[in-house]
Amino acid sequence: MTLILCHSAKGGVGTTFLAAQLAIRFAQAGRQVTAIDGSGQDSLKLHFGILPTQFAPNWSKSHTMPLVMSNVSLIDAHLDIREEYFLNSLRRGDLAREKGAIIIVDINSADRNLFRDLYDLADLHICPISPDPAALVSLSQLGGDQRTTELEKTVYVFNMQDDRHKLSRHSYRFVKELFDTRLVGTVRRDQAVFEALAMFEPLTKIAPNSVALSDLDELAQSILNMSELSDMPNFPDSDTSPSDPQAVNPSGSRVAS
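According to the numbering used here, the sequence shown is numbered sequentially starting from 276.
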């Protein structure tokens with residue numbers, strides 16, 4: 276079982292979006308995937324086309340009343356996620372019914388205590404970053420007393436990238452210089468992402484040609500390649516991103532300038 280945390284230092288950078296989209300792509304790759312909403316916002320389900328009035332099962336009901344969308348099991352665990360029985364269940368791998376199962380936990384950016392509690396259990400932490408000065412500054416708070424660049428299980432994704440704007444281009448270069456090979460990919464900004472969410476429809480239905488979809492495909496494959504080819508939990512040390520900002524790495528994950 277692989278436990279992946281999706282948590283950013285600041286809200287509004289697309290953490291829940293990435294958690295949902297990666298879960299869908301991991302399932303498409305043949306993995307057993309469970310996506311856990313630990314944010315308390317009940318928003319993860321929206322990215323699967325589920326209405327706000329429809330409820331994902333909580334931790335206790337997930338075994339008897341599962342909700343599966345796009346071959347991903349959805350669980351709302353914000354009431355359980357700090358409880359010892361929840362942590363013990365993760366340690367035992369209770370949700371891993373198949374070899375290679377993946378558990379993705381979406382964590383609110385403000386809930387840093389929960390993030391640190393789960394970090395030791397996790398195999399990988401994906402931290403989205405957007406071209407927002409406040410988001411970049413908040414990175415220094417991510418690891419608490421530990422420097423952000425020393426978080427061994429953490430990789431970074433540059434989300435909402437738009438190289439038509441100077442701030443986005445310069446933000447990317449700053450992040451690339453800071454994190455080097457731990458910056459594993461980018462996802463370009465597309466208004467269709469927000470439109471699909473507003474319509475409670477999957478992005479693939481509303482905008483099947485969205486540039487974000489191809490970026491997400493490459494990002495998911497890059498992460499799967501890392502987990503399959505390297506030993507956890509230190510596989511982010513692998514060289515998964517090129518030094519040339521305009522190059523494409525061997526796994527196919529685009530790194531934009």
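Mixed in with the good hints there might be a few duds.
[Claimed, not checked] With beta-carbon atoms standing in for the labels, derived distance ranges:
#, residue 1, residue 2, range
1, His440, Val412, 45 to 55 Å
2, Val486, Asp455, 19 to 29 Å
3, Ala385, Leu326, 39 to 49 Å
4, Arg367, Gly315, 23 to 33 Å
[To be verified] Think about it this way: if two alpha-carbon atoms lie no more than 25 Å apart in a straight line, the pair counts; the simulated BS3-like pairs of lysine-lysine are:
#, residue 1, residue 2
5, Lys374, Lys428
6, Lys441, Lys285
7, Lys374, Lys336
8, Lys374, Lys285
I should point out that these hints are in silico values taken from the structure, not numbers from a laboratory.
Glycine included, C-beta positions come from ideal geometry on N, C-alpha and C.
Verification of the hints:
1. His440 x Val412: 45 to 55 Å: violated, 18 Å
2. Val486 x Asp455: 19 to 29 Å: holds, 25 Å
3. Ala385 x Leu326: 39 to 49 Å: violated, 26 Å
4. Arg367 x Gly315: 23 to 33 Å: Holds: the Cβ-Cβ distance is about 24 Å, inside 23 to 33 Å.
5. Lys374 x Lys428: holds, 21 Å
6. Lys441 x Lys285: holds, 21 Å
7. Lys374 x Lys336: holds, 23 Å
8. Lys374 x Lys285: violated, 34 Å
When the structure is compared with the earlier hints, violations turn up for hints 1, 3, 8 and for no others.
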